[in-house]
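Respectively, the protein sequence lines represent chains W and U. For the first sequence, my numbering gives the first residue as 561, with consecutive numbering after it. For the second sequence, my numbering gives the first residue as -17, with consecutive numbering after it.
Certain hints may be false.
What the hints assert, rightly or not - Estimated spans, in silico, between C-beta atoms of each pair:
no.: 1; chain 1: U; residue 1: Pro(-11); chain 2: W; residue 2: Ser578; range: 36 to 42 Å
no.: 2; chain 1: W; residue 1: Gly613; chain 2: U; residue 2: Pro58; range: 42 to 48 Å
no.: 3; chain 1: U; residue 1: Lys36; chain 2: W; residue 2: Ile572; range: 33 to 39 Å
no.: 4; chain 1: W; residue 1: Glu623; chain 2: U; residue 2: Asp49; range: 38 to 44 Å
What the hints assert, rightly or not - One-sided and incomplete, this derived list gives chain U residues near chain W with beta-carbon spacing under 7 Å:
no.: 5; residue: Pro22
no.: 6; residue: Thr38
no.: 7; residue: Ala42
no.: 8; residue: Pro47
no.: 9; residue: Lys80
no.: 10; residue: Phe83
no.: 11; residue: Ala85
Since the hints were derived computationally from the structure, they do not count as laboratory data. Think of the CB as a built atom: it goes at the ideal place given N, C-alpha and C, for glycine as much as any other residue.
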Amino acid sequence: GAVVSQHPSRVICKSGTSVKIECRSLDFQATTMFWYRQFPKKSLMLMATSNEGSKATYEQGVEKDKFLINHASLTLSTLTVTSAHPEDSSFYICSARGPYSGTAGDEQFFGPGTRLTVL
Amino acid sequence: LAKTTQPISMDSYEGQEVNITCSHNNIATNDYITWYQQFPSQGPRFIIQGYKTKVTNEVASLFIPADRKSSTLSLPRVSLSDTAVYYCLVGASGGYNKLIFGAGTRLAVHP
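Construct all of the structure, not just a fragment, from the sequences and the given hints.
Next comes the structure, spelled out in structure tokens:
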């Protein structure tokens, strides 16, 4: 099956610094990738939709200047949390949509997640 | 986007069949129904997807009535390792359509 990786899996940083999280589709090309964040015991919250070669589309309430998304190639999207603060500590998950099969629909393939802790 | 409603939590025992029902009254004609499983500190994992009637794979079955306003995920003979959160999502297929996660169902399987 399709594999999506994230790097790093875990990161601890000081308040005020920026952190970059990479999301890669390893064995397929993904024109569309999605970024989610998840707080403990809560559901995934969609942050933005990332399309290769164009600007990301952010969900309402998500600060685009704080969460910078770049989808430079068909296999890589990055999320940069700028000037991170303790309230940005969360589990960040990316997903990539595989090629549309045209038969039984398609599904998103999720990365393993990145645990961000801001001190 | 269609909103989904699932039970917040369920309990079961090893070897039992577990059925989790999801309501999606506002499902659109071109929406598919997809179920994901998530373990703590991991990304969701695709379980099964369907459009209508019944779909079965090596992991689960998905039952969808004719009106498609609900669906039931059936897990046969669960084990302790099936303890996880299960999410029901509805959405149109195609590269630009996003999936919105509801609260999910937290399944606890007991020995």
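Hints, one by one, checked against the model:
| no. | hint | result |
| --- | --- | --- |
| 1 | U:Pro(-11) with W:Ser578: 36 to 42 Å | 40 Å, holds |
| 2 | W:Gly613 with U:Pro58: 42 to 48 Å | 44 Å, holds |
| 3 | U:Lys36 with W:Ile572: 33 to 39 Å | 47 Å, violated |
| 4 | W:Glu623 with U:Asp49: 38 to 44 Å | 41 Å, holds |
| 5 | Pro22 | 9 Å, violated |
| 6 | Thr38 | 13 Å, violated |
| 7 | Ala42 | 14 Å, violated |
| 8 | Pro47 | 18 Å, violated |
| 9 | Lys80 | 6 Å, holds |
| 10 | Phe83 | 4 Å, holds |
| 11 | Ala85 | 5 Å, holds |
When held up to the earlier numbered hints, the structure conflicts with 3, 5, 6, 7 and 8 and fits the remainder.
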